[in-house]
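Q: Protein chains in written order, with our numbering: chain H, 80 to 491; chain U, 39 to 180.
Keep in mind that the hints were calculated from the coordinates and are not lab data.
We put the beta carbon where it would ideally sit given N, CA and C, even for glycine.
It is possible that part of the hints are untrue.
[Said to hold, decoys possible] Capping the alpha-carbon separation at 30 Å, the derived lysine-lysine pairs in DSSO-like fashion look like this:
| id | chain 1 | residue 1 | chain 2 | residue 2 |
| --- | --- | --- | --- | --- |
| 1 | U | Lys-148 | H | Lys-103 |
| 2 | H | Lys-95 | H | Lys-222 |
| 3 | U | Lys-164 | U | Lys-79 |
| 4 | H | Lys-484 | U | Lys-61 |
| 5 | U | Lys-87 | H | Lys-227 |
| 6 | U | Lys-100 | U | Lys-84 |
| 7 | U | Lys-167 | H | Lys-107 |
| 8 | U | Lys-70 | U | Lys-100 |
| 9 | H | Lys-162 | H | Lys-95 |
| 10 | H | Lys-484 | U | Lys-87 |
| 11 | U | Lys-61 | H | Lys-103 |
| 12 | H | Lys-107 | U | Lys-103 |
| 13 | U | Lys-178 | U | Lys-70 |
| 14 | U | Lys-79 | U | Lys-167 |
| 15 | U | Lys-167 | U | Lys-80 |
| 16 | U | Lys-61 | U | Lys-87 |
| 17 | H | Lys-484 | U | Lys-84 |
| 18 | U | Lys-70 | U | Lys-144 |
| 19 | U | Lys-144 | H | Lys-107 |
| 20 | U | Lys-79 | H | Lys-484 |
| 21 | U | Lys-61 | H | Lys-107 |
| 22 | U | Lys-84 | U | Lys-148 |
| 23 | H | Lys-95 | H | Lys-107 |
| 24 | H | Lys-160 | H | Lys-324 |
| 25 | U | Lys-148 | U | Lys-61 |
| 26 | U | Lys-70 | U | Lys-87 |
| 27 | U | Lys-103 | U | Lys-79 |
| 28 | U | Lys-148 | U | Lys-103 |
| 29 | U | Lys-144 | H | Lys-103 |
| 30 | U | Lys-178 | U | Lys-61 |
[Claimed, not checked] Some chain H residues flagged as far from chain U (calculated, every beta-carbon gap over 12 Å):
| id | residue |
| --- | --- |
| 31 | Lys-348 |
| 32 | Ile-404 |
| 33 | Gly-406 |
| 34 | Lys-438 |
| 35 | Thr-445 |
| 36 | His-447 |
[Unchecked claim] Partial list, derived from the structure: chain U residues whose beta carbon lies under 7 Å from chain H:
| id | residue |
| --- | --- |
| 37 | Trp-58 |
| 38 | Ala-112 |
| 39 | Ile-113 |
| 40 | Asn-127 |
If you want the building blocks of each chain, they are given just below.
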Amino acid sequence: MQEVLKKTFDVEAIRKDFPVLSRKVNGKELVYLDNGATAQKPKVVIDRIQQYYNLENANIHRGVHTLSQEATSAYEDSRRKMKEFINARFSEEIIFTSGTTGGINLVASAFGQTHIQEGDEILISTMEHHSNIVPWQMICEQKGANLKVIPINDKGEIQMEEFETLLTERTKLLSISHISNTLGTINPVKEMIAKAHEKHISVLVDGAQAVPHMRLDMQDLDVDLYVFSLHKMFGPTGVGVLYGKKELLDSLPPYQGGGDMIKTVSFKKTTYNDLPHKFEAGTPNIADGIACGALIDYLEELDWAAISLHEKDLLSYAHEQLAAIEGLRFIGEAERKASVISFVIEGIHSYDLGVLIDKMGVAVRTGHHCTQPLMDRFGILGTVRASFAFYNTMEEVDRLVEAVKRAKGMLL
Amino acid sequence: MSIRERQEELIEEFAMFDDWMDKYEYIISLGKELPLIDESKKEDEKLIKGCQSRVWLNAELKEGKVFFTADSDAIITKGIISLMIRVLNESSPEEIINEELYFIDKIGLKEHLSPTRSNGLVSMVKQMKLYALAFQTQLKNG
Chain H
80 MQEVLKKTFD
90 VEAIRKDFPV
100 LSRKVNGKEL
110 VYLDNGATAQ
120 KPKVVIDRIQ
130 QYYNLENANI
140 HRGVHTLSQE
150 ATSAYEDSRR
160 KMKEFINARF
170 SEEIIFTSGT
180 TGGINLVASA
190 FGQTHIQEGD
200 EILISTMEHH
210 SNIVPWQMIC
220 EQKGANLKVI
230 PINDKGEIQM
240 EEFETLLTER
250 TKLLSISHIS
260 NTLGTINPVK
270 EMIAKAHEKH
280 ISVLVDGAQA
290 VPHMRLDMQD
300 LDVDLYVFSL
310 HKMFGPTGVG
320 VLYGKKELLD
330 SLPPYQGGGD
340 MIKTVSFKKT
350 TYNDLPHKFE
360 AGTPNIADGI
370 ACGALIDYLE
380 ELDWAAISLH
390 EKDLLSYAHE
400 QLAAIEGLRF
410 IGEAERKASV
420 ISFVIEGIHS
430 YDLGVLIDKM
440 GVAVRTGHHC
450 TQPLMDRFGI
460 LGTVRASFAF
470 YNTMEEVDRL
480 VEAVKRAKGM
490 LL
Chain U
39 MSIRERQEEL
49 IEEFAMFDDW
59 MDKYEYIISL
69 GKELPLIDES
79 KKEDEKLIKG
89 CQSRVWLNAE
99 LKEGKVFFTA
109 DSDAIITKGI
119 ISLMIRVLNE
129 SSPEEIINEE
139 LYFIDKIGLK
149 EHLSPTRSNG
159 LVSMVKQMKL
169 YALAFQTQLK
179 NG
């Protein structure tokens with residue numbers, strides 16, 4: 080098994096594509112295990128941004144001059160590549176946003192305005208990120224609607240029976256994370272979407288944590304709306320994608336007004352542009368949007384089946400090594416998990432652990448991970464989270480485990 | 039001893055540590071000492087909420103001098119708090135308001151006062167100065 084992997088997936092070669100991975104932190108070789116917060120960027124993406132500013136900078140969708148034409152075409156190429164990458168039906172189903180949070184707020188506002196009435200229900204789960212809680216609370220408050228929450232079990236999995244009983248005639252939208260940022264749980268979204276559709280309920284999936292770990296297929300999922308951020312999938316910050324079925328997006332009103340989203344403007348009546356521009360008011364993040372094209376070219380070249388095996392190996396090895404530490408308790412032990420490990424150690428505050436292992440060159444996230452209701456569910460204040468990407472190695476797992484042991488020794 | 043002198047004394051003490059481990063072991067040992075605040079004072083109004091760790095701060099004025107007590111749920115935060123208290127305690131409100139706290143930077147713990155740490159320490163320093171300001175007003179109005 081290991082032999083086969085080495086042939087198909089050369090992690091050392093891949094690491095060379097990511098310049099930051101060779102730097103030192105606090106005098107030690109960096110072990111970057113905070114990929115769930117943001118992933119590192121391959122050189123091709125960094126170079127593409129630089130090339131744009133050096134040679135191509137122009138505003139898009141506006142100019143007749145050559146630079147503007149070139150920039151527009153590069154930006155729209157990214158959209159087309161993204162459409163292929165996630166297997167959407169049409170390019171105009173790809174709306175570029177500022178990120179996952181931007182995408183959810185867009186939907187909460189546009190969908191909320193037209194589809195949510197007093198007494199309606201919006202359904203989320205206990206494990207949602209604050210970004211997939213607060214925008215719904217805001218629209219519920221505005222409309223007099225109710226937010227309902229699907230409970231999870233002690234392993235950190237959706238309780239499917241409870242979920243089904245929560246799908247009622249009043250439910251207008253299910254908004255659910257594909258993968259939990261804190262627990263790593265992979266939710267059965269395809270099954271959940273099918274159940275929701277049986278009752279004509281639309282579904283938004285927060286895919287922020289899914290995109291770095293798996294290939295997505297919008298048509299296979301049959302999802303209505305799907306949001307993610309490029310920076311978590313090895314791309315630049317400040318760009319995200321809202322995928323939406325064309326018919327649904329067409330039925331929604333614009334989110335923000337401004338340039339690019341209009342057809343004609345007069346003081347009496349303004350008509351709006353078609354998809355995707357209807358939802359992209361103002362000058363977008365052109366440089367980073369264009370770099371997404373380079374990112375997708377890079378990601379398409381990778382062997383995703385091998386990545387999946389490699390991440391599984393990282394996860395099970397880290398799990399096994401950490402489990403041997405006395406007093407350590409995993410938070411999130413779902414059957415289906417991405418390479419994300421959250422844990423607490425009895426008698427130790429996650430902040431203290433995070434500070435000390437950073438000194439040893441290991442970057443992890445500590446705290447509540449923007450999932451305070453989930454922390455409440457487990458009766459804790461925070462966890463230490465190690466989140467792996469395909470460029471992480473078994474040696475890095477060893478460095479993490481060694482750092483945790485050493486820090487524990489200092490703190491207890 | 040003035041606040042400035044106490045800061046200089048701490049900087050000298052920390053110069054002895056060769057590496058980060060020794061330094062943090064010392065801070066942790068400070069943090070592990072008995073609670074720095076009376077349990078009855080650990081009420082919500084004394085709580086400074088950081089995103090990562092929580093800090094409780096109480097201040098009293100006795101004979102023109104300020105006495106701080108504080109606590110945190112994280113040991114490293116608590117250790118740094120005990121350094122701050124050592125520097126500021128038993129000083130006049132005026133001195134606390136006017137004196138700059140530069141020792142944290144000099145002893146290589148600046149990162150703990152960065153806003154991204156969200157450990158409540160930045161807010162604590164602000165709150166300490168606010169207490170001093172309130173006490174100063176109280177003294178003036180006598």
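Q: Each of the hints needs a verdict: does it hold here or not?
A: Now the hints, each set against the structure:
1. U:Lys-148 with H:Lys-103: holds (19 Å)
2. H:Lys-95 with H:Lys-222: Violated. H:Lys-95 to H:Lys-222 sits at ~51 Å, over the 30 Å cutoff.
3. U:Lys-164 with U:Lys-79: With a Cα-Cα distance of about 19 Å, the restraint between U:Lys-164 and U:Lys-79 holds, given a limit of 30 Å.
4. H:Lys-484 with U:Lys-61: Holds - the C-alpha atoms of U:Lys-61 and H:Lys-484 are around 18 Å apart, at most 30 Å.
5. U:Lys-87 with H:Lys-227: Holds. U:Lys-87 to H:Lys-227 sits at ~28 Å (cutoff 30 Å).
6. U:Lys-100 with U:Lys-84: holds (19 Å)
7. U:Lys-167 with H:Lys-107: violated (38 Å)
8. U:Lys-70 with U:Lys-100: The hint holds at about 27 Å.
9. H:Lys-162 with H:Lys-95: holds (28 Å)
10. H:Lys-484 with U:Lys-87: holds (29 Å)
11. U:Lys-61 with H:Lys-103: holds (21 Å)
12. H:Lys-107 with U:Lys-103: violated (45 Å)
13. U:Lys-178 with U:Lys-70: Violated, because 38 Å separates the two Cα atoms, which is more than 30 Å.
14. U:Lys-79 with U:Lys-167: holds (19 Å)
15. U:Lys-167 with U:Lys-80: holds (20 Å)
16. U:Lys-61 with U:Lys-87: holds (26 Å)
17. H:Lys-484 with U:Lys-84: The hint is violated at about 34 Å.
18. U:Lys-70 with U:Lys-144: Since the Cα atoms of U:Lys-70 and U:Lys-144 sit roughly 23 Å apart, the hinted pair holds (cutoff 30 Å).
19. U:Lys-144 with H:Lys-107: holds (22 Å)
20. U:Lys-79 with H:Lys-484: Given pair U:Lys-79, H:Lys-484 is violated - Cα atoms ~34 Å apart, limit 30 Å.
21. U:Lys-61 with H:Lys-107: holds (18 Å)
22. U:Lys-84 with U:Lys-148: holds (24 Å)
23. H:Lys-95 with H:Lys-107: Given pair H:Lys-95, H:Lys-107 holds - Cα atoms ~18 Å apart, limit 30 Å.
24. H:Lys-160 with H:Lys-324: Between H:Lys-160 and H:Lys-324 the Cα gap is close to 17 Å, so the pair holds against 30 Å.
25. U:Lys-148 with U:Lys-61: This hinted pair holds, its Cα atoms lying about 13 Å apart.
26. U:Lys-70 with U:Lys-87: Holds, at roughly 21 Å.
27. U:Lys-103 with U:Lys-79: At roughly 19 Å apart (the allowed maximum being 30 Å), U:Lys-79 and U:Lys-103 satisfy the hint.
28. U:Lys-148 with U:Lys-103: At roughly 27 Å apart (the allowed maximum being 30 Å), U:Lys-103 and U:Lys-148 satisfy the hint.
29. U:Lys-144 with H:Lys-103: Distance of about 23 Å is within 30 Å: holds.
30. U:Lys-178 with U:Lys-61: violated (41 Å)
31. Lys-348: For H:Lys-348, whose nearest Cβ neighbour in chain U is about 47 Å away, the distance exceeds 12 Å, so it holds.
32. Ile-404: Nearest chain U Cβ is 18 Å from H:Ile-404, so the label holds.
33. Gly-406: holds (15 Å)
34. Lys-438: Incorrect as stated: the minimum Cβ-Cβ distance to chain U is 5 Å, not above 12 Å.
35. Thr-445: violated (6 Å)
36. His-447: violated (8 Å)
37. Trp-58: holds (5 Å)
38. Ala-112: holds (4 Å)
39. Ile-113: holds (5 Å)
40. Asn-127: Result: violated, 24 Å to nearest chain H Cβ.
Hints 2, 7, 12, 13, 17, 20, 30, 34, 35, 36, 40 from the list above are not met by this structure, while the remaining hints are.
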